[in-house]
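Engineer: Each chain, letter by letter, is given below.
2 protein chains.
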Amino acid sequence: MATTIGGKMVYRLEEGSAKMVELLGSKGAHASEMARIGIPVPPGFVITTEACRAYLKGGKQFPPGLWESIVDNVHKLEAETGKRFGDAGNPLVFSVRSGAAVSMPGMMDTILNMGVTDVTVDGLARLMADERPALDAYRRLIQGFSGVVLGVDREKFESLLRKAKADRGLQHDYQLPPAALRELIAAFKEVVKRETGHPIFDDPWALLRQAIEAVFSSWNNPRAITYREFQGIPHDMGTGCVIMSMVFGNLGEDSGTGVLFTRSPATGEKVLYGEFLPNAQGEDVVAGVRTPLAIASLKREMPEIYAQVEETARKLEAHYRDVQDIEFTVERGKLFILQTRTGKRTAPAAVKIAVDLVREGVLTVNEAVGRVQPSDVTQVLLPRFDPAAKANASDEGRIIAKGVGGSPGAASGVAAMDPDKAVELANAGKNVILVRAETSPDDVHGIIRAAGVLTSRGGMTSHAAVVTRGLGKPCVVGTEELHVDMEARKASARGKTVKEGEVISIDGATGEVFIGEVRTVEPTADDLGELNTLLGWADEQRRLQVWANADTPEDAVRARQNGSEGIGLCRTEHMFFAEDRLPHIQKLLSAGPEASRVIREVETLRLRAEKAPASERASLQQKTAAAERALAQSQSVKDYYAALERLEQFQAEDFHGILKAMESLPVIIRLLDAPLHEFLPNKLNFIREIDELQRQRASKQRDTALAEAQRQLKLVEALEESNPMLGHRGCRVGLTMPEIYEMQVRAIITAARQLHEEGVVVHPEIMIPIVSHVNELKWLRPRLDAVAAKALGGAGFTYKFGTMIEVPRAALTAGELAKEAQFFSFGSNDLTQMTFAYSRDDAEGKFLRHYVEAEVLPWNPFASIDTAGVGRLMRLATEEGRAANPGLEVGICGEHGGDPKTIAFCHQLGLNYVSCSPFRVPVARLAAAQSALGQLKPNGGA
Amino acid sequence: MATTIGGKMVYRLEEGSAKMVELLGSKGAHASEMARIGIPVPPGFVITTEACRAYLKGGKQFPPGLWESIVDNVHKLEAETGKRFGDAGNPLVFSVRSGAAVSMPGMMDTILNMGVTDVTVDGLARLMADERPALDAYRRLIQGFSGVVLGVDREKFESLLRKAKADRGLQHDYQLPPAALRELIAAFKEVVKRETGHPIFDDPWALLRQAIEAVFSSWNNPRAITYREFQGIPHDMGTGCVIMSMVFGNLGEDSGTGVLFTRSPATGEKVLYGEFLPNAQGEDVVAGVRTPLAIASLKREMPEIYAQVEETARKLEAHYRDVQDIEFTVERGKLFILQTRTGKRTAPAAVKIAVDLVREGVLTVNEAVGRVQPSDVTQVLLPRFDPAAKANASDEGRIIAKGVGGSPGAASGVAAMDPDKAVELANAGKNVILVRAETSPDDVHGIIRAAGVLTSRGGMTSHAAVVTRGLGKPCVVGTEELHVDMEARKASARGKTVKEGEVISIDGATGEVFIGEVRTVEPTADDLGELNTLLGWADEQRRLQVWANADTPEDAVRARQNGSEGIGLCRTEHMFFAEDRLPHIQKLLSAGPEASRVIREVETLRLRAEKAPASERASLQQKTAAAERALAQSQSVKDYYAALERLEQFQAEDFHGILKAMESLPVIIRLLDAPLHEFLPNKLNFIREIDELQRQRASKQRDTALAEAQRQLKLVEALEESNPMLGHRGCRVGLTMPEIYEMQVRAIITAARQLHEEGVVVHPEIMIPIVSHVNELKWLRPRLDAVAAKALGGAGFTYKFGTMIEVPRAALTAGELAKEAQFFSFGSNDLTQMTFAYSRDDAEGKFLRHYVEAEVLPWNPFASIDTAGVGRLMRLATEEGRAANPGLEVGICGEHGGDPKTIAFCHQLGLNYVSCSPFRVPVARLAAAQSALGQLKPNGGA
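Going down the list, the protein sequences come from chains A and B.
What the first sequence shows, in this note's numbering, is residues 1 to 942, in sequence order.
What the second sequence shows, in this note's numbering, is residues 1001 to 1942, in sequence order.
Read the hints as simulated data drawn from the structure, not as lab findings.
Treat the hints with care, as some may be off.
[To be verified] Cut-off 20 Å, straight-line C-alpha distance, at most; resulting in silico cross-link-like pairs (EDC-like, lysine to aspartate or glutamate):
1) A:683 - B:1691
2) B:1778 - A:855
3) A:714 - B:1485
4) A:800 - A:663
5) A:778 - B:1229
6) A:623 - B:1158
7) A:683 - B:1203
8) A:714 - B:1841
9) A:683 - B:1757
10) B:1660 - B:1721
11) B:1156 - B:1109
12) B:1714 - A:485
13) A:778 - B:1853
14) A:819 - B:1229
15) A:683 - B:1721
[What the hints assert, rightly or not] A few chain B residues that don't get close to chain A, going by computed Cβ distances all over 10 Å:
16) 1088
17) 1119
18) 1203
19) 1206
20) 1265
21) 1305
22) 1331
23) 1334
24) 1444
25) 1492
26) 1503
27) 1627
28) 1681
29) 1700
30) 1727
31) 1866
[Claimed, not checked] Computed footprint of chain B on chain A, listed as stretches where at least three residues anywhere in the stretch have a Cβ under 8 Å from a Cβ of chain B:
32) 144 to 156
33) 676 to 689
34) 714 to 727
35) 775 to 781
36) 826 to 834
37) 844 to 853
Every residue gets a Cβ at the ideal spot worked out from N, C-alpha and C, and that includes glycine.
Let the hints inform the model, and build the full structure from the sequences given.
Structural biologist: Rendered as structure tokens:
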């Protein structure tokens, strides 16, 4: 049964407005808006989304009165245009478009030329003063209608079309003579009859009704439903249907069609930018068979039209308060605007346009902040391909592969197939692109010296992408079509090969890979100036502070230059990996467990003796004395302390540099976190070495080497873990070998004190990693405070003591932890790993990519925070932590800290700061401002 | 300033009662209770805990009136006993004891013989009619008072005492003649003067006051504070102080002292059980210098006293409604009861006593249920050492080590140092004890054939302990003093050595290890009968169901025999490990990834073609057809399906057996969970094999072997993961290779259907592991339902579909998951691993034991659920899951399911069931009942 509705079901364009998006759909509302403000839009009308809903609810029946209202509006159109729908002499022809409130894939395509029939086609030809375009319009209508409305396979038509051209030795559709088009029209009708069992209606009203029903029904096609489910768009919105008179740009030299931007989408410069094709329809522009002219030529060819276009463009830009991308057609000297929409633009253009629009008084400062994508910010700051050079390279067919943009920026350089080669070529003064199947920590020295990285595997969160983003270098990952042959030292794709040493170019924003050089341009002073203006505005709006993760003084300087207000994470283990330190680390690890056992034993006995009832005290004191003697004689203890002492010197130098670079700003230093085995060589090497040595004839030299290899193997095996991510790391080492943390704290406070005495203002903050139980903090804090107090020696500065929240249990017991900590910092990488039970290293290649592709996961939780799971823990920890300790400082220092969606979430949670790679600080500043202004929302849902 | 208090500060014993524990402390209240009900207690009085609190608050000053009240009560005691405190002729002598409401270590020891001074000692000697005991009492007073109150090192006295005996060639204190005692008294006084700087007071009132102050102050000694903090006991309770006249059992043949149990603590039999030592003080019994007589001998020696003792014992038992452990002294024919407390007992005795007390009308059924420790239940069910044989072995010094009881029960057998040897010896008909440093999955075949397991490393949750508990075999772990020498094939400790093949005995309840055989006794029919009675009562009270984890029909049968009401976890990967199946698994894994990729591709294309707009459909259909051809020709796909088919047959047989054994009860079958690499050999083997083969001269044979080894290595490497616990496992494999889960579901439903057709009632439940996102269930459920529906073929039984909750994110999004699942089962092992970020395998040895020992963790979270963290997730998941799906069945199937404290927690959460090892089902039944009765509480706090 048909569903009745109360209101008006059809609106003429001039009756609607941009505010009626929900009722008229986006296309309908914006066409109405243009009509309302006097832009020359072809006349037409819109069927409401409400009518569509009623149709679908009523079991696919038009609600009462709808058809009558449509017919009535067609008649009004006839009156307005002086033409008649279906009239043989003076036919009205229009387009039928679907248009929902939200743009969505899967909805029905436009049907053009509705109203052309056997009866009207000749009349149309007369109106057009040309038979060919009229017949072509008819051919297109049949093809389009049958494909879109009747579901006939388009290939059936395309093959006939190809044959028609081939038979006549023609290359392009528009070259087909009228006779050929007539034959095609007849053949197309046969196809429809054969494929659907019925001939196509010859009654234009019947075709119109069918088309409108198809528009309505397309709301519920499976692709649209899937999309809506995924995006959380309600299923009961329905789509509008826009009917608009056709205008023809192919009616002679006083006709034509064009597209333009109201400002340059490449640079943002305030000049009309676009193309015009005389005597052509929009499809011809799309087909690309004729080269359009630059819009400027219109000024010469049709100065009056140009003036109209320019005026209209400025009017639309002013009205919509943004750069517009406009489609227009000139029909026999009369301008029609077919569509206007917000113009896409490059990152530097986006920044310039936003800033210019403020200067022109069009936008407020806050609106301008919302007009730039956070991701644009990085692109402005990095080298990019010269647009002309890139277009050129594309035209020359030099694109050999396309991967995923892992880190923005562009670079050209010689290919190096391993990190050592990269270093060698870089030393020889070359720009190097490191090309690998994938990268691992073993490649880092090569990545550091390369200008860019290209890998055939991995995604946005692969090792290569993460490391290069941290370094601000371009990177393309997941270039699956690229075959990297390590043995032949070459990479091939699309039948082309780049050998090691040959030049290759990568665009880290788009994922494109080119053979040969593509010239790059550095950001201009102007670009940077505009950006700084914008970020300055952003800084005034944001409530979140932006800190940076920096392990070296150089990084700290860069972070500060980019506007960082503190160091949220200084990782100390990176310092341990330096070559001159590794021997001391290894000594520490080989002596540590035994030494620590001996030391702990003495400690425990002393404590027990102290607390024991008098009756047991004496014997405990004796035992203590014995343990103390053992301690004094232990070689392990001596080695342990010697290694600690040496490392303390290194660490104090490290911290001195960072604290100095961040003078007067807070610096959070995380105590040792990495699993211990990371500092040791691969076990396999020793096993094979032992195998090899055992085969050799015994000799003193062999035996020494064998003993040493066996000793090392034993050490590696002792530290080996089946799941190091969940193993003996972070504060767990801090509790079993507390001397390591004590050494680090001493080094931090000693460095800070020295600076303090030199008049440098220091704010060190000491952070404990991998905490899962409040007792870990309770155990460590007094020990470390005692060490710090001694190193401080009464100097007049303070430090903070805090904890990472990166283990689910830490978040779940945050109220307890907050009583023992002055700050929380979310280690969102680990927290995501533990909360999902995903090992990032394993998950990426084995199932995570599949999950994201199959939409099992709506987004990669390592790139943007999983709000429903990990985010829930963060919310709980923030709320309960602050409730227990109102002065608690809360921030985030995982990779997520530089992700705009995550920043929006952190803003919602009310964190104090986000900390990210120095290169992402400007991005984060903008994202934080947009979050505060409500312009940027977190990812939602589960 | 002294703190004033209102109430009475001192109570005579007959004024108090057992209800006044808080005010009088436990000792004071129970002594009062005895006095109140007419038990002959030595006269005395109690200083209240309130007085102690006032003393401590007031800066260690007696509150006004306290001292006067004490003096007054001493005078009352004098009146009652006809003696006078400090009187030379007829001195009153009493003891001073601390006694808080809760018993606690670190509190002050008892001071005996208060009132003996230079002035009174001779009078006492006359009262005793013997000089020696009077002098000895004085000597003990000085020594005790100085040690306890004045803090003098006891060793200073002990060395003098040793010297006095040595000088005279004596062995025992009581052999010292009066002259020697007088010399010692003088020497002791010198020690006090030297050590404290002051002579000991000779005024007994001054000594008394000092002693009482020491009692009060001991409330705040560091050990007591630490203990209270750990146990969550308030710091402001204070301790009481009990003052009681001394009675002397060493005043001749009509005196004596004894201890007794009102029933046998070994068997529970209702006979007096204890010892009596004529003419002796309690300390003499403790010192063990004279052998006491069995209590029965008292009947012969002092029939009247025996009758009094018996009557008093029965009276106390009836009064306290439980077996009492009583200390008494007979002073010159007069009986005094010094103390009564609940008697400790063995597990079988505990059960018998509880059941008997119900039969005797003393206890209600529910009270009896609360009187047995859940851990006792297992002990009743398992073999234990014959008490006499064990005592004998101890006396012979055959205990060679003591470890941690990892799994209860006792066993004797020949030592085997590796699992293969264990199998060999078992095949030769021997009882075997497997002795290892620690065990791993590679040892399982040996553990299965062994009678018990002994390891030198590991704790309650080590591999050996977990596996043996599951098998119901005794196990001793963490026997650190035991040196296991694998090369010499022997184990040594305490200077003794057991070689492989020699007999060794272990007690899994106590952790004791004996050389040679110790006879074991099986549980008697009587024991089992009493236990069944008790468990029957328990079953009526509990609300939680008790299910079992069983992977084989044998386990299922055992579970059912033990009272299991369902199978909460049937692990399917264990079935995969069988030797005849491994080749198929390996084929599956080598073909699977490639095959699955090909199959997924076809699927995706089909789906896309289906959903595509008409314009794209044709080309997608072409692509689909091409992919289908590739699939049809793929060798991987053929291998994959062949392996799946073979495995399906195996699985159907497995499931048939289990479902049959659990006829009419629910059986939850978990689909494949293990990381894939677990099914493959160790990578190292291949690497070494390849090294070896590459050194050989080339030959066809070598090349084939080399190629095969390289192929295998590649496969192992492809499946290798850096953190397998967080890797490609569980439903992640179910999504990337869905054919495996489909095969399993088909096998389950096929087996169930066959049984159904044979008339067996089946309730299969299919469980998905490692779910972290609702979309995993959304993706799998329709696929698996389709497979199940086909296999079901309309047969008239149903199955359930549910999910493990073992990943934190699953718990955090339980509301979503519950909409897609009919049941939740907490995988608390994994949930604990992820929530703490502890890899159980790594944590145990590396830091977890240290954490538990250092009390960083209040208990091992793998043994008993961590209520604050993991438990919080469980609560959240249960509440939000039930809110979203009120019919949701919720249970727990991790190791924790058999832990009483965890069961109490699960009861609080309102779970439907706990599932545990078949051997722990009776334990769980009792714990569930105690939880329902409020007798068992979960572990609390963080």
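Engineer: Please go over all the hints and tell whether each is borne out by the structure.
Structural biologist: Going through the hints against the structure:
no.: 1; hint: A:683 - B:1691; verdict: holds (16 Å)
no.: 2; hint: B:1778 - A:855; verdict: holds (11 Å)
no.: 3; hint: A:714 - B:1485; verdict: holds (17 Å)
no.: 4; hint: A:800 - A:663; verdict: holds (16 Å)
no.: 5; hint: A:778 - B:1229; verdict: holds (13 Å)
no.: 6; hint: A:623 - B:1158; verdict: holds (18 Å)
no.: 7; hint: A:683 - B:1203; verdict: violated (75 Å)
no.: 8; hint: A:714 - B:1841; verdict: holds (18 Å)
no.: 9; hint: A:683 - B:1757; verdict: violated (57 Å)
no.: 10; hint: B:1660 - B:1721; verdict: violated (38 Å)
no.: 11; hint: B:1156 - B:1109; verdict: holds (18 Å)
no.: 12; hint: B:1714 - A:485; verdict: holds (17 Å)
no.: 13; hint: A:778 - B:1853; verdict: holds (15 Å)
no.: 14; hint: A:819 - B:1229; verdict: holds (16 Å)
no.: 15; hint: A:683 - B:1721; verdict: holds (16 Å)
no.: 16; hint: 1088; verdict: holds (31 Å)
no.: 17; hint: 1119; verdict: holds (27 Å)
no.: 18; hint: 1203; verdict: holds (23 Å)
no.: 19; hint: 1206; verdict: holds (20 Å)
no.: 20; hint: 1265; verdict: holds (28 Å)
no.: 21; hint: 1305; verdict: holds (34 Å)
no.: 22; hint: 1331; verdict: holds (28 Å)
no.: 23; hint: 1334; verdict: holds (32 Å)
no.: 24; hint: 1444; verdict: holds (17 Å)
no.: 25; hint: 1492; verdict: holds (21 Å)
no.: 26; hint: 1503; verdict: holds (33 Å)
no.: 27; hint: 1627; verdict: holds (16 Å)
no.: 28; hint: 1681; verdict: holds (16 Å)
no.: 29; hint: 1700; verdict: holds (25 Å)
no.: 30; hint: 1727; verdict: violated (4 Å)
no.: 31; hint: 1866; verdict: violated (7 Å)
no.: 32; hint: 144 to 156; verdict: holds (count 7)
no.: 33; hint: 676 to 689; verdict: holds (count 3)
no.: 34; hint: 714 to 727; verdict: holds (count 7)
no.: 35; hint: 775 to 781; verdict: holds (count 3)
no.: 36; hint: 826 to 834; verdict: holds (count 3)
no.: 37; hint: 844 to 853; verdict: holds (count 4)
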